[in-house]
Structure formats: C-alpha cells, structure tokens
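Here's the letter readout for the chains.
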Amino acid sequence: MGVDRDYRCQVIKPEDFNEFWGLVLDELSSIELNVKCEKDELRSDSEITVYQVFYDSLDHVRISGWYSVPNTPVNGLPAILLVPGYQSDPPIPKDWSAKGYACLSVNPRGKVRSRSQFDPGYPGLLTHRIVDKNTYSYRGFYADAWRGIDFLLSRGEVDSERIGVAGSSQGGGLTITTSAMRKEIKAASAGAPYLCGFMDAIKLTDTYPYQEINDYLRTYPDRLEEVEGTLAYFDGISFADQIDCPIIMNLGLQDNVCPPETGYALFEIIGSKDKKLFEYEGHGHEAGRYVHSGIMDQFFDKHLKG
Amino acid sequence: MSDNRPLDFGQFWYSLGKELSEVPIAAETETLPMRSTDFADLYGIHISSIGPYTIYGYLSIPKGDGPFPVIYYVPKNASVLEIIPQGTSNQIRSRYITFSLACRGMRTADSPYAAMYPGQLTEGIESLSSYIYRGIVADTLRGLDFLLTCPMIDRSAIVAWGNDNALLAGALHGAVTHIVSTPSFLYDTINQASRTSSYPLEEFNDYLRHNPERKGQISEILSYYDLRFHSSAVTAESLIMADYDGGLFDKKTLRNLTENMNGAVTVHSSERSSYKDGMFCEKWITDKLFGKDATPIVPNHWQLE
Chain V
239 MGVDRDYRCQ VIKPEDFNEF WGLVLDELSS IELNVKCEKD ELRSDSEITV YQVFYDSLDH
299 VRISGWYSVP NTPVNGLPAI LLVPGYQSDP PIPKDWSAKG YACLSVNPRG KVRSRSQFDP
359 GYPGLLTHRI VDKNTYSYRG FYADAWRGID FLLSRGEVDS ERIGVAGSSQ GGGLTITTSA
419 MRKEIKAASA GAPYLCGFMD AIKLTDTYPY QEINDYLRTY PDRLEEVEGT LAYFDGISFA
479 DQIDCPIIMN LGLQDNVCPP ETGYALFEII GSKDKKLFEY EGHGHEAGRY VHSGIMDQFF
539 DKHLKG
Chain R
423 MSDNRPLDFG QFWYSLGKEL SEVPIAAETE TLPMRSTDFA DLYGIHISSI GPYTIYGYLS
483 IPKGDGPFPV IYYVPKNASV LEIIPQGTSN QIRSRYITFS LACRGMRTAD SPYAAMYPGQ
543 LTEGIESLSS YIYRGIVADT LRGLDFLLTC PMIDRSAIVA WGNDNALLAG ALHGAVTHIV
603 STPSFLYDTI NQASRTSSYP LEEFNDYLRH NPERKGQISE ILSYYDLRFH SSAVTAESLI
663 MADYDGGLFD KKTLRNLTEN MNGAVTVHSS ERSSYKDGMF CEKWITDKLF GKDATPIVPN
723 HWQLE
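Each protein sequence line maps, in turn, to chains V and R.
The first sequence begins at 239 in this note's numbering and counts up by one.
The second sequence begins at 423 in this note's numbering and counts up by one.
No lab work stands behind these hints: they were computed from the structure.
Where hints are given, some of them may not hold.
Examples of chain R residues lying across from chain V (beta carbon under 8 Å, computed) [claimed, not checked]:
(1) A500
(2) E504
(3) R631
(4) S691
(5) R694
Each residue gets a CB set at the ideal place from its N, CA and C atoms; glycine is no exception.
Pulled out of the complex, with its shape left as it was, chain V reads as follows:
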C-alpha cells in the first residue's frame, strides 16, 4: 500500500477566518517592536557576525532570535526568516549567512530564551488552551514568527524586496502561515509541513507530537467539537490559498511524524501559480534533506539573488 496522493483533509476554512486573523494582525501592529540587537562575540567569527535579538510580540511577550549577517560590507542583502521545528532548539543560522543571506532564526514563545512569560512545555504546546481560538497557544506563536518579518524590515542592511522564509516540520507549517500572511515574502520553502490537516494527522499517525491531541481528546472527549473548531483557524490548509509567492515543498513518503497525505492535501490548496512539490520515496521526516538542500539553495538564489 502506498501513500494516497489524492488524499484530502477534512478541515473547512472558517467563514470568519480572515476577520479573526485580521484582528490579530491589528493587535500586533499596535505593539511597538522594541528591538534589542546585541552582537554575540562568542558566536561571531571573521566571516559572519551573530546577534542575539529580542522583540515584542502579541500580548507583549518578549521573543528572542539569532540573527546573522555576512561580514562583507554590502547593503541590500537578501534575507531569510528561518522558522523552527516543534521540539528542536532554533539554530544559529551561520550556514545561511555563509551563503550571503542575512538570516533571522526566531524562537517563538515557549522556546529556549522566549520562555519567561509563556511556557506550556513539551508535550503541551500543541494543546495549550486549545478549546478557544482566542486563547490557543499558536495564536501568539504564529504571530511571533510573522513578527520576525518586521524585524528584518527594520534592518538597514536588508533589501525589503528580497525576503524569503524557510523551515521544515513545524518550520514547514510556519512557512505556510507566514508566507500566506506576510506579502513581503518573495519566496518560500516548506519541508514536511506540520500543523496542516491536524484532525487527519492524528488518525494517520501514532507518533508524537500529533499524539498530544489524541491524549487531550482521550482526557476530554466531550471537547472534540471545540478542538476541531479551534484548529480550523490554525490549520495550514486554511491559510494556503492566500499564498501567492513562489514556493517549493518537499515530502518524505515514509514520514513518521507529519503524514505525507496531509502534505499532498496542503499542496493542492496552495494558491501560488509558481509552486513545485518534491517527493522523496524511501525517506522519513527528514524529507530527503541531503538532496533537497541543494534544490533549496538554487530556488532562493533564483528568487532572492537573481
């Protein structure tokens, strides 16, 4: 039995989806960015400068990140927003700067160095206050990633017309939501996207982190309707039709974390006319990384450096 490439997820985009997120964006824009950007001498070297970055996001939660730039004195740098996986620690993105990009690796709320005001933990983040779309953890978490674009726009060395977003797993899901909501994004690369087709994924997999939702529903079976209702606002599939920048996606057909069926369903909905899917048979959640990293480099070179 192979993966069903025609699989379609059950999520239905809520009618007031744009209104809901519009209010979040309004609230976000009313909060001053309040950037602090400190050079990290220990992590910097002769070719790349690394900064520890902090800014304010929704609910005035202080968000941290790693920002790195090549030392070559060039203004108008292309830039990448690097969005993190679920339980991994956001990396210092020196590898991106070695390729000529300014890069912000963001730590949304609850991650290391962004934990002091909000910290539901792991497991926990995926179901934290899930019964209400206005309290659900990912309302702020998504906003924290989107806010990273504001940080990049505040940097004089960054060319505001050449900003991309990349990530895998949860980073893949955040790439979808960010490229849908921030039209400054000119190119996007989403690997093995998580946070897409939640209610299907919990039936298609028996692994964490999606198991967190099954754990929650086993504990609170009467809350199924509320959980489905909330997640429809946060499902990458609900965002996908609003993506209009060039985008590539990669899937491992033996992905044991984010079922490839949900990836196919997502790709079908993506609104961009310039979209391409790379499928990797014989690969799991790493989604063919060792081959695909070269494809990503070419893609961003074309759209952000060309």
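Once you've looked at the hints, dock chain R against the given chain V.
Relative to chain V, chain R alone:
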C-alpha cells in the same frame, strides 16, 4: 591535542561513582493520566543526582504483569525532554518500559541551571572539576540506578539508546545489556570540531576562537569523556549508528571506538534517510531482544512496504 588516556582516568570515574553512590536516589513519582493509555501508564519521576541536583524523567510502564524489557533514552544535547523520541510509534510503550531522562540544564531539570543550546557542551569547561559534563554523566548513570529499583524491569534486557551518552552509560554502569548509539560530539572532539562549522561541535570552535591558548587544557578535559577511552569498558551488545561514508563520524573514523569495544558490535552507516536508519534500529533491537521472528513496532508510515 591529547590522544592519550589520562593517567588518572580510572580514578576520575571511580570518584564520580563514589560521589553518586552517596547521594540517595530519593525518587518521587507522579502519575500523568493524560499521557497514559489503555496499553501503558506514564509517570513523571524526580530523582537526585550529584550536587545534589534534582533531575526528571518520564517512565512508561506497559499494562500487564511483566517483567518488561527496558529502553532507556539517555539525556540529549537539546532542551526538550520527550516521552519517547519524536516519530517513534507510541505502541512501543506496550512492549517496553521506556524511561527518558532530562539531565541538568534541560527543561524539567533546569533549576537552578538552565542550559543554553548551543552552550551546554562548553559550560564550565575552564576546569575538569567545573565542567558541566561531569554532572551530566552522573545524571545519566543515576537514571540507570533508578531503573534498577523498578520491580517490573527485565534485567537481562536494558537498552541504552541515544547519543554519546548511551555509550558512556554502557561503559560506566553494569546494568546496560544493549546499546544503540549515534556518536555526535564526544569522539576525538577537538579534532572533529576542526572539520566542521556545524553545531553542536561548532561550540568548541567558538570557544577556542576566543581562547586559543586553552586548546591543550580543553583537549585534556575532554579526553576523560572521549569515547575512544571508554570503548574497552563496553561489554553490552551494541549498534553504532555511524554517519554516511565520508561524513564526520563515519564508519572509518569511528574505528578506534568500534574495534576496541568488548561486546559484539554492529556498525551501520547512515543511508541518509531517517526512515531507513530508523527501520534498521528497530529491526536490530527487536531481533536482539525477541528473536528474528518477532515483528518490530514501527510507525504507520513505515508499514507501507
């Protein structure tokens, strides 16, 4: 660079063991009903290590009478403690007792010390006594001490699973019967770091760039933890997950480890696929503990072939 085992290597580790033995395990258990299922119960476990320092683990016990084989997921070089590693079938908890441990600095064991990632591997590396890894190894061994107090464990089947710490657990604690290890940062560390700019090894490059005069001292401190010098103490049957050929920790590079281990060793070169490598591990451990006719428990999308 130090290529020699320190003269007081044995004394150093004996002292650590003695210090640990003087700290009561003092386990406190809490049930975690949300993460318990119809096939396994989950508990949160607080235990004491040297310092004293309180560390934390997730213990999953299958329903039924036991005894059950054990998979001990050793502390990671990352902040998050998982119940079982991401992507592992939850059904694994129906067959094995699983115990995952957060060492000092990780979430759930981050008071008073909250580690940074990167940062943990060079914390306190100014001296042998202040280096954080001494405590991390103690925590790793304390996890095994705790497991031995659990009445439902099968003492003939205790697997240490994870990074370099799995090998250290096997070398320094007699309870380990099997090892699945992916060496990542404690094998010929400074030399290997010089061949890469990727974290976590880049931590050492960062440190030495700012403290170049300390290279000799750092190498000497790290030699106490170097897997090459622990290899002969490993008697457990082991699976070493090496990098792909030509990678940083490939089969050839790891020869000074694998050829000196005193238990049977299987070395698997990565196929650069988490699916293929993961399947190899699951089949290997199932074969070793249940025989060739047993079926490994794998995630749904690995059952499609």
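**Request:** Closer than 8 Å between Cβ atoms is the bar; does S691(R) clear it against chain V? Give me holds or violated.
**Result:** 14 Å, violated
**Status of the hint placing R631(R) at chain V (closest C-beta pair under 8 Å)** = 6 Å, holds
**Message:** Given a cut of 8 Å on the nearest C-beta pair, is the interface hint for E504(R) held or broken against chain V?
**Reply:** With a minimum Cβ separation of about 6 Å from chain V (threshold 8 Å), the hint on E504(R) holds.
**Interface hint status, A500(R) versus chain V (Cβ within 8 Å)** = 6 Å, holds
**Residue hint R694(R), partner chain V, criterion CB-CB below 8 Å** = With a minimum Cβ separation of about 5 Å from chain V (threshold 8 Å), the hint on R694(R) holds.
Of the hints listed earlier, the one the structure fails to meet is number 4.
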